[in-house]
Every structure is written in C-alpha cells, then in structure tokens.
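Q: Listed in order, the protein sequences are those of chains A and B.
Under this note's numbering, the first residue of the first sequence carries the number 3, and numbering increases by one thereafter.
Under this note's numbering, the first residue of the second sequence carries the number 520, and numbering increases by one thereafter.
No lab work stands behind these hints, which were simulated from the structure alone.
Everything numeric in this text was worked out from a predicted model, so none of it was measured.
Just to be clear, a hint being listed does not mean it is correct.
Keeping only pairs whose Cα atoms sit at most 27 angstroms apart, straight-line, the calculated DSSO-like set for lysine-lysine is [what the hints assert, rightly or not]: (1) 56/A / 541/B; (2) 8/A / 540/B; (3) 529/B / 540/B; (4) 541/B / 529/B; (5) 107/A / 18/A; (6) 8/A / 107/A; (7) 79/A / 107/A; (8) 540/B / 107/A; (9) 551/B / 529/B.
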Amino acid sequence: MANLIKTISNLSDRHKVGIVSLFLILFGTVYYYFGQIIMHILPPCLLYTLTGLKCPMCGGQRAIYQLIHGNILEALKLNALLILSIFAGLLIFLRMLYTRSFHIKLIWIYIYVVLISVFTIIRNIINL
Amino acid sequence: MYWIIGADNKEYGPVSIDFLKKWIDEGRVNEKTLVRIEGEPHWRQLFTFPELASLLPPPPPLSPPITQPKEENGLAIASLVCGILSIIFCFCCCWGIPFNILSIVFGSIALSNTKGQTQQSGRGMAIAGIVLGILSLLIGIVMTVLYFSLGGHEEIMKNFKQWRI
C-alpha cells in the first residue's frame, strides 16, 4: 500500500490530471445509463430513514443523475450545494491546469466545511 | 615552468608562476585544474602544489544555514480533505468507504514522514484526518446496525425483487 502511494505521488501532474479525468468520465457514463438501477438498489440515506433529518449529501445521487441528463434546475432543487460545488470544483480544476500550481490553501478547506454545516442546518429548517 | 589542462581539455604551457597567478585571478584556472611541472610525467590537481595553493583566493566564509519556511505536508492536507469528505458521505449507504480508508492511510503515512522533522508541519492535520476517518467509519457502522435491527433488510430485498437482479 505504501509503495502504491509512493508511485502515485511520483506521477507527474499531467498523469494525475489524466487519471482523475478518466475516473470522472467513467463514473458519469455508468451513472448516465445505470443511474436509476443503482439508486433503486442502494439503501436510502441512513440518517434520513432513522431520524428524518437530511444529511448534507441527501438527494445527491438524484441530483447528479438529473445533472448528467441535462436538467440543471431540477438538480439544483434536489441538492444545491453539491451541484454548485461540482461547478466550482470544475472551475478550480481548470484554473489549476491553466496556472499549473496544484496547491490548495488551507483556509478554503475550512470555509467549505463551514459552508457545508450551514447548508445542512438550513436545509433541515426550511425544506431545501 | 608549468603545464596545465584547461577546461577545453587542451594542454597549455609552459607558463611561469606569475602567469598562473594571473590566470587564477581571471578565473581561468581553479584549484581542481590539472597541473604538471615541466619535465615531470604526472598530472596533479593544482591545490596539491604548495607553492600554487598559496596563490588561490581564500575560501568564502561559511554562510549561516538558511532557515526554510515551514512547508505543509501534501499528504496531511489530502488526509484532512478525505476525512471531511468521509464525514459527509458516511450517512449514505457506503459509509463513505473510499474516503475514510484513504484518509487513514494518507494520515498515517504523513505522520510517519513528518516524525522528527522540523521542515514540514502538518502533524495536526494528519491526526485530524485519521480521527475523522475513524469517526465516520464508527458512525456508519452504528447507523447500519440500527437500520438492519429496525427491519431495513426487508426494504432492500423488496427493491431487489422488483428489479429482478
């Protein structure tokens, strides 16, 4: 396992970007064709079935399914934060490719954690 | 009189000691240049001749060690990010599985890499990543046990039969 990590971290940035893109395309293709079946077979959100509270990822699979099929508004209704962060992540990824600096400032990670917490609280107060 | 081998691997000479001093001052000859006294067969490096070594400029004074700014370990940041993702995903069916394993692996490697190092910080982030990963696994296991004890498997079997898989 340690050797695997070492070889992965020794890969050049170009290869890492290629591998990430390949996985994203694979995931999207599988979800485009088998999304309904996957969503039906997998058990629902455990927090929601046990307590009735929505977790930050609730509606995420349906939202991604709608997004892949082109219904952006429908996807935003299901899970706004996930869809917005997918777009933000794509923009950051493109900017990283353009500037060729693959470094994330730590403060943005903490800001994102705060955003997720606020979103979770808000979506349980008003039905988001 | 001396012969030298220049940087272009050609022999130059014979030259007098004054001429060699001029070349040393100009930087054409340094301490590692091969030198031969006329009439002797062996080439030796310049600093082995005591009369020539005294012509060399004094070595530069030792500069104080440069203190590098602390650099955060990349694996520690990766561990923290994976830990946060695993907490987000742990309520779903799969316990956030790729992320909490990744966060524990990255975090432990970062901890062992930064052990006793002063140049790279990030032990705190690595520990936070490991803790978040273990916490998400625990949450997932507890909630799954609760789900099945409340009859969740019947719902899953119903869905399976409906899709005939």
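Q: Hint compliance check: list the failing hint numbers for this structure, sorted ascending.
A: Numbers 1, 2, 7 and 8 - these are the hints that the structure violates, sorted from lowest upward.
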